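Going down the list, the protein sequences come from chains A, B and C.
Sequence positions in the first sequence follow this note's numbering and run 19 to 136.
Sequence positions in the second sequence follow this note's numbering and run 8 to 157.
Sequence positions in the third sequence follow this note's numbering and run 2 to 505.
Check the hints yourself; a few may be wrong.
[Unchecked claim] Subject to a maximum C-alpha distance of 25 Å in a straight line, what follows is the list of computed DSS-like cross-link-like pairs (lysine-lysine):
hint, chain 1, residue 1, chain 2, residue 2
1, C, 393, A, 45
2, C, 358, C, 155
3, C, 434, C, 358
4, C, 425, C, 393
5, C, 359, C, 434
6, C, 52, B, 108
[Stated by the list, open to error] Here are some, though not all, of the chain C residues that point toward chain A, as calculated from beta-carbon distances under 8 Å:
hint, residue
7, 41
8, 150
9, 183
Hints were generated in silico from the structure; no laboratory data involved.
Note that the structure is predicted; figures quoted are calculated from it, not measured.
All residues carry an ideal CB built from backbone N, CA and C; glycine is no exception.
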Amino acid sequence: MVILLALMVGLMYAAGIYLVLRRSLVKLIIGLILLGNAANLLIFLIGGITRGEPPVIGEGEFTLGEVYADPLPQALILTAIVIGFGLQAFAMVLLEQEYREAGVTDLDSLKDEDTDDQ
Amino acid sequence: MHRNNDDNQSGQMTTLILRTASTYLMPLLLLFSIFILIRGHYEPGGGFVGGLIASIALVVYGYANGLKRIKSFLQFHPGGLIPTGVTLAMLSGIAPMFLGKPFMTGLWLDQQLPIIGHVGTALFFDTGVYLVVVGTTLTIIFSIGEEIDS
Amino acid sequence: MTDHSILIPILIQLTTALVLLFMWNRIHLQRRASVIGNAIGLAYAIYLFQKVYNQGILVTQGGGWEAPYGITFAADLFSASMILIASASGFAVSIFAAGSMSKRRSMFVFFPIFHFLLMGIIGSFLAGDLFNLYVWFELIIIASFGLITFGGGKRQLEGALKYVTLNLLASILFITGIAFLYGLTGTLNMADLALKTAEVENKNLLTITALFFFVGLGIKTAVFPLYFWLPASYHTPLSAISAIFGGLLTKVGVYTMLRIFSLFFLPDPFVSNVITVVAIFTLIAGAMGAMIQNDLRKLFSWLIVCHIGFMIAGLGMYTTIAIAGAVFYLFHDIIVKTNLFMISGLIHRITGSFKLKKLGGFYAHYPSKTLLIAIPLFSLVGIPPLSGFWPKLLLINGGLDTESYWLIASILVASFITLFAIGKVWIEVFWKKGATVTPKKHFVTFGELRYIHKVGFVLPIAALGAISLFLAFGAGWVFTVSEQIARELMNPESYIEAILNQNN
Numbered sequence: 019m020v021i022l023l024a025l026m027v028g029l030m031y032a033a034g035i036y037l038v039l040r041r042s043l044v045k046l047i048i049g050l051i052l053l054g055n056a057a058n059l060l061i062f063l064i065g066g067i068t069r070g071e072p073p074v075i076g077e078g079e080f081t082l083g084e085v086y087a088d089p090l091p092q093a094l095i096l097t098a099i100v101i102g103f104g105l106q107a108f109a110m111v112l113l114e115q116e117y118r119e120a121g122v123t124d125l126d127s128l129k130d131e132d133t134d135d136q
Numbered sequence: 008m009h010r011n012n013d014d015n016q017s018g019q020m021t022t023l024i025l026r027t028a029s030t031y032l033m034p035l036l037l038l039f040s041i042f043i044l045i046r047g048h049y050e051p052g053g054g055f056v057g058g059l060i061a062s063i064a065l066v067v068y069g070y071a072n073g074l075k076r077i078k079s080f081l082q083f084h085p086g087g088l089i090p091t092g093v094t095l096a097m098l099s100g101i102a103p104m105f106l107g108k109p110f111m112t113g114l115w116l117d118q119q120l121p122i123i124g125h126v127g128t129a130l131f132f133d134t135g136v137y138l139v140v141v142g143t144t145l146t147i148i149f150s151i152g153e154e155i156d157s
Numbered sequence: 002m003t004d005h006s007i008l009i010p011i012l013i014q015l016t017t018a019l020v021l022l023f024m025w026n027r028i029h030l031q032r033r034a035s036v037i038g039n040a041i042g043l044a045y046a047i048y049l050f051q052k053v054y055n056q057g058i059l060v061t062q063g064g065g066w067e068a069p070y071g072i073t074f075a076a077d078l079f080s081a082s083m084i085l086i087a088s089a090s091g092f093a094v095s096i097f098a099a100g101s102m103s104k105r106r107s108m109f110v111f112f113p114i115f116h117f118l119l120m121g122i123i124g125s126f127l128a129g130d131l132f133n134l135y136v137w138f139e140l141i142i143i144a145s146f147g148l149i150t151f152g153g154g155k156r157q158l159e160g161a162l163k164y165v166t167l168n169l170l171a172s173i174l175f176i177t178g179i180a181f182l183y184g185l186t187g188t189l190n191m192a193d194l195a196l197k198t199a200e201v202e203n204k205n206l207l208t209i210t211a212l213f214f215f216v217g218l219g220i221k222t223a224v225f226p227l228y229f230w231l232p233a234s235y236h237t238p239l240s241a242i243s244a245i246f247g248g249l250l251t252k253v254g255v256y257t258m259l260r261i262f263s264l265f266f267l268p269d270p271f272v273s274n275v276i277t278v279v280a281i282f283t284l285i286a287g288a289m290g291a292m293i294q295n296d297l298r299k300l301f302s303w304l305i306v307c308h309i310g311f312m313i314a315g316l317g318m319y320t321t322i323a324i325a326g327a328v329f330y331l332f333h334d335i336i337v338k339t340n341l342f343m344i345s346g347l348i349h350r351i352t353g354s355f356k357l358k359k360l361g362g363f364y365a366h367y368p369s370k371t372l373l374i375a376i377p378l379f380s381l382v383g384i385p386p387l388s389g390f391w392p393k394l395l396l397i398n399g400g401l402d403t404e405s406y407w408l409i410a411s412i413l414v415a416s417f418i419t420l421f422a423i424g425k426v427w428i429e430v431f432w433k434k435g436a437t438v439t440p441k442k443h444f445v446t447f448g449e450l451r452y453i454h455k456v457g458f459v460l461p462i463a464a465l466g467a468i469s470l471f472l473a474f475g476a477g478w479v480f481t482v483s484e485q486i487a488r489e490l491m492n493p494e495s496y497i498e499a500i501l502n503q504n505n
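Looking at chain A on its own, in the form it has when it is part of the complex (with noise of 0.2 Å):
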């Protein structure tokens, strides 16, 4: 399980950054989620897969049980989640609107900025 979790975390980081290297601005927006969800998955898994209890104290007891799962990975990635959700939202309307303004989705033509003023 966690060399298959790994694996595929290494996939995902790689087409990732495969993505994000196209041209295409759909698919750099595509690359970025794959990113973001690739850091949640590693933060799972290096956070150590357990079949665990939840971690909370029973009535009465002071300590925790034998085997439980850790809980900040878990706060971790979905605070996480939750932010990336809204990036990703904001960079999907920006790339909306840029292409309303530009009318194109290929990155090379996006070299005004860049090219010195007139």
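Keeping the supplied structure of chain A fixed, place chains B and C upon it in accordance with the hints.
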């Protein structure tokens, strides 16, 4: 397929079944979302999920009956929920600071209230999150819907 | 020492933002409320600074959970002085924005987002936990996305697209670094990490993690191979927005680098070498870029890149004196860069252009404003008594101690090219003869503005100029502060002690 021509602007997907069902689903889902909100903190649930369920309820109703109906039902712009929610969450966060405790320390009433159970700052914080989620989701959906309509 | 009130600077900004959101459609009220909110923020920042200066490190734990588990906020001297400087520049920008921004339909969102941005910046200065730091970073980039696209227009959207893409990539790399660090140590509290990274046996993996952080933060900070988004986007939004971006955003990255690298990754010869080499290239590349620009704001954008090199150089040398130089430069740079973009806004409002070729005769027409503008320009170059000179002196001192002659050479070269670029601005804009006013349709020139708006333009420039002068003539005191910060960064025991053992 029957189509409602009066106030349905959101497209061709509407059927009689969806419209009838959504009328009953919306209050149920809204109640369920409040249940999830109150249930949170000690059990699975909370403001975020509750808020999502509430906005799903409203969105389903909106898809079936047109976004205009949902707007007239709400009577205010959902964007206003965002600052209200953040304010509520912030106030529940600073409340313990007035008692000399750190930011975001949970303050709880000793007695349980009927139905709701333990009431504490965490519940108000969750309610704030709930409002923010509903406000954000509906604002996004409304602005997309308006673009499609126009 | 435990003190729950260190969160108040964050809460002041949050409250202001919320109050502004409730003032939805009343732009006049929003302007006033924003200035008042920032004035309160600045006053509190001064209070917090003197408190930390006298009492040492102040710590609070969110929710009252103890240190490695709770959300830690810590204000040491570095955090407190950064909050002070950021609040000062935020205050100036808010006056400038209130004076300079015309009434538009979408105006009402500007001020709330601006305060959310300041809240994120102050929050990241206080965060004592990497997870928390990540959240503040995301808040900063969400707010900055909102601001950089503010107004729209093709060129601006293009700039924004580059900015958004690379910043998203940066946060993904940053969180990948966080994941590795968590896997290596099992904690994300910075003080706890400082202890646990020292015990990590797999030093190579730690170095790789350090590089993830360096690349992630490097994109935000705009260091050598990763800076292309900055000159492509910083000159596109409104001047007030460029001012806050140019002054503060990249500097948050520098602050975080100084903090994180000094806590867990340094001293490590490989990481130090990477940082030093990157610093050299950043200095040269930024300076070369600035040399050929003909647009005022583009030129300043390239100078931001160039001067990031000075601070990274201080981190690369990693001696007390060099870090003190970097910290001093950080203070100086925030104030001056904010001021420069406001000046470009003022020049544009007076003359209607940002292009060096079209500008001219400024000195003949506006001698008193020229004097005002001269202070930040010459501070930037670092003409001896002014504020850019002292930190460079410290950095060169540090370079001589560590025998990094390449670094010294590039610092000198970058300084000379900065002098050249600013000299070019001086000649083209101020000395050259030329028509000053190129009226366009619907362009309200400076002369036609109401008195209160004129004050809004000039007052913040003068105020930041005064702070620059203070940094220059109070250099002795500023040096003592930055040296103490550098000593605390080099020997983080007191920071760790304050966070982990606060209850004893």
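* To do: Using Cβ atoms only, decide whether residue 150/C comes closer than 8 Å to chain A, and label the hint accordingly.
  => OK, holds: residue 150/C within 8 Å of chain A, min 6 Å.
* Answer holds if the nearest beta-carbon of chain A is closer than 8 Å to that of residue 183/C; otherwise answer violated. => Hint holds; residue 183/C Cβ to chain A Cβ min 6 Å, cut 8 Å.
* Distance restraint between residue 52/C and residue 108/B, which requires alpha-carbon spacing of 25 Å or less -> Between residue 52/C and residue 108/B the Cα gap is close to 19 Å, so the pair holds against 25 Å.
* Agreement of residue 425/C and residue 393/C with the hint, judged by alpha carbon distance not exceeding 25 Å -> The hint holds at about 22 Å.
* Asked: Does residue 434/C pair with residue 358/C here, judged by a C-alpha cut-off of 25 Å?
  -> holds, 11 Å
* **Straight-line alpha-carbon gap residue 359/C to residue 434/C, limit 25 Å** => Holds - the C-alpha atoms of residue 434/C and residue 359/C are around 10 Å apart, at most 25 Å.
* Given the proposed pairing of residue 358/C with residue 155/C, does the C-alpha separation stay at or below 25 Å? -> The given pair, whose Cα atoms are some 24 Å apart, holds under the 25 Å limit.
* Double-check residue 41/C for me: the hint is only fine if its C-beta lies closer than 8 Å to a C-beta in chain A. => violated, 29 Å
* Is the hinted pair residue 393/C and residue 45/A satisfied, with a Cα-Cα distance of at most 25 Å? -> Roughly 44 Å separates the two Cα atoms, so the pair is violated.
When the structure is compared with the earlier hints, violations turn up for hints 1 and 7 and for no others.
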